[in-house]
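Engineer: My request is simple: use the sequences and hints to build the entire structure.
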Amino acid sequence: AMKTMRAETQAREDDRGFDDVASLCPREDDDGGGRWPIASHVDAATRLHPLLFATMHDADIERGVLKVNGASLSSDDFERMYVGTIRENAMLLAKESKNAFGVMAAAAADERDENDFGAARSVRGGALYRDASRVNHGCFPNVARFDNFDGDFQDPSKAFSSPSSLSALCEPSTLRLLAIDVIPAGAEVLMSYLPVNEPVGARRARLRRGFGFACDCARCALEVRWALEDGERTGDEEPTETYDDATTAADASEAAEEARDEATAAALTEEEQTRRADRAPVEYALWFMKNMCAEEDCGGTLAPPNPTATHCACNYCGRVRTDDAFFAQLAGGG
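The letter at position 249 of the sequence shown is residue 249 when you use the UniProt record's numbering, and the numbering goes up by one with no holes.
Bear in mind the hints are in silico, worked out from the structure with no lab data behind them. Honestly, I wouldn't trust all of these hints.
Pair ranges (Cβ atoms, derived) [as the list claims (entries may be wrong)]:
no., residue 1, residue 2, range
1, ASP131, ARG279, 35 to 43 Å
2, GLY151, ARG225, 41 to 49 Å
3, TRP226, GLU296, 22 to 30 Å
4, ARG208, ALA100, 16 to 24 Å
5, TYR82, ASN197, 41 to 49 Å
6, ALA280, THR55, 49 to 57 Å
7, THR55, ARG225, 46 to 54 Å
8, ALA285, ALA187, 17 to 25 Å
9, ARG47, GLU271, 48 to 56 Å
With a straight-line cut-off of 35 Å between C-alpha atoms, the simulated DSBU-like cross-links for lysine-lysine are [to be verified]:
no., residue 1, residue 2
10, LYS290, LYS98
11, LYS158, LYS98
12, LYS290, LYS158
Every residue, glycine too, gets a C-beta built ideally from N, C-alpha and C.
Structural biologist: Written out as structure tokens, the structure reads:
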């Protein structure tokens with residue numbers, strides 16, 4: 001009886017989890033209908049479907065659930081009840097790809113030292129959070145996302161728990177959205193889906209292909225204007241390469257475009273680099289100095305770990321920067 005009760009409890013939890021995922025965007029009616037799922041999700045679901053069907057079929061034979069009222073289920077009924085159609089699975093893949101948060105692996109122990117915050121990290125998985133997934137993207141975000149898979153919330157050097165919140169949940173799966181600065185009442189909470197230092201062409205292309213929208217925020221408008229002046233891409237261009245597989249096409253095109261961006265940036269003269277830096281508004285440059293991690297190749301976002309903190313922590317590499325260090329940098333002009 002206890003085993004049956006546990007199984008029924010797990011089934012109810014699985015149903016709630018599925019309902020939470022199904023409620024996420026994109027939905028069938030997004031963008032006037034018909035846009036989702038896109039080709040890459042259909043390709044993935046098509047490849048996955050035979051494996052999913054076989055796995056579910058074998059598992060359900062063991063559990064003896066392939067009969068309804070004593071009659072064996074047909075393949076079509078089994079697909080409808082347990083596996084889902086290719087389109088239904090493509091929609092679930094779309095929801096996962098648009099809403100999942102990457103779970104980063106900690107830098108390997110032999111790659112770390114106390115001064116090397118930028119050691120290489122890789123994505124070890126993904127996690128879905130029903131409420132956090134509803135937070136929209138902002139190229140100038142007002143919150144930064146921190147997770148606790150490696151126990152960062154218990155790290156005394158970062159002081160994530162303030163005296164008034166020592167009882168806050170610190171489970172490994174806990175996710176926190178920390179305000180970068182004071183957020184006015186009524187303002188929308190925004191996080192960056194990408195590293196905040198991503199160039200405009202790559203950033204807007206990744207948002208369009210990966211998340212299904214064209215960003216038209218004030219930062220993008222300004223940087224698109226600069227890109228047009230400089231003869232560089234804006235992120236609105238269509239891929240020029242063609243492949244049989246839609247996912248491969250997107251990945252290969254993005255990699256090729258980023259390589260071209262890097263080559264173009266490397267070829268800039270010092271004079272041109274200075275000219276481009278000087279045209280940025282003061283408040284624009286100040287935002288990056290204050291809120292972007294200074295570690296090379298990091299691109300993480302800094303946020304105070306508690307309301308009374310006198311330091312900020314990076315949500316990517318873990319670097320801690322004191323307020324005194326920021327003011328010293330500001331006084332020194334960068």
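Engineer: Against this structure, judge whether each hint is valid.
Structural biologist: Consistency of the hints with the structure:
Hint check: ASP131 to ARG279, Cβ distance near 39 Å, so the stated range 35 to 43 Å holds. The beta-carbon spacing between GLY151 and ARG225, approximately 44 Å, falls within the hinted interval of 41 to 49 Å. A hinted range of 22 to 30 Å holds for the C-beta pair TRP226 and GLU296, which are about 23 Å apart. Between ARG208 and ALA100 the Cβ separation comes to about 18 Å, which falls inside the hinted range of 16 to 24 Å.
For the pair TYR82 and ASN197, the supplied restraint of 41 to 49 Å holds, since their beta-carbon distance comes to about 45 Å. Roughly 53 Å separates the CB atoms of ALA280 and THR55, a value that falls within the hinted 49 to 57 Å. About 51 Å separates the C-beta atoms of THR55 and ARG225, a value consistent with the hinted range of 46 to 54 Å. For ALA285 and ALA187, the Cβ-Cβ distance of about 22 Å falls inside the hinted range of 17 to 25 Å, so the restraint holds.
Hint check: ARG47 to GLU271, Cβ distance near 51 Å, so the stated range 48 to 56 Å holds. For the proposed pair LYS290 and LYS98, the alpha carbon gap of about 29 Å is at most 35 Å, so the pair holds. A C-alpha spacing of about 30 Å is found between LYS158 and LYS98, which places the hinted pair at or below 35 Å, so the restraint holds. The hinted pair formed by LYS290 and LYS158 meets the criterion: a straight-line CA distance of about 17 Å does not exceed 35 Å.
Violated hints: none; the structure is consistent with every hint.
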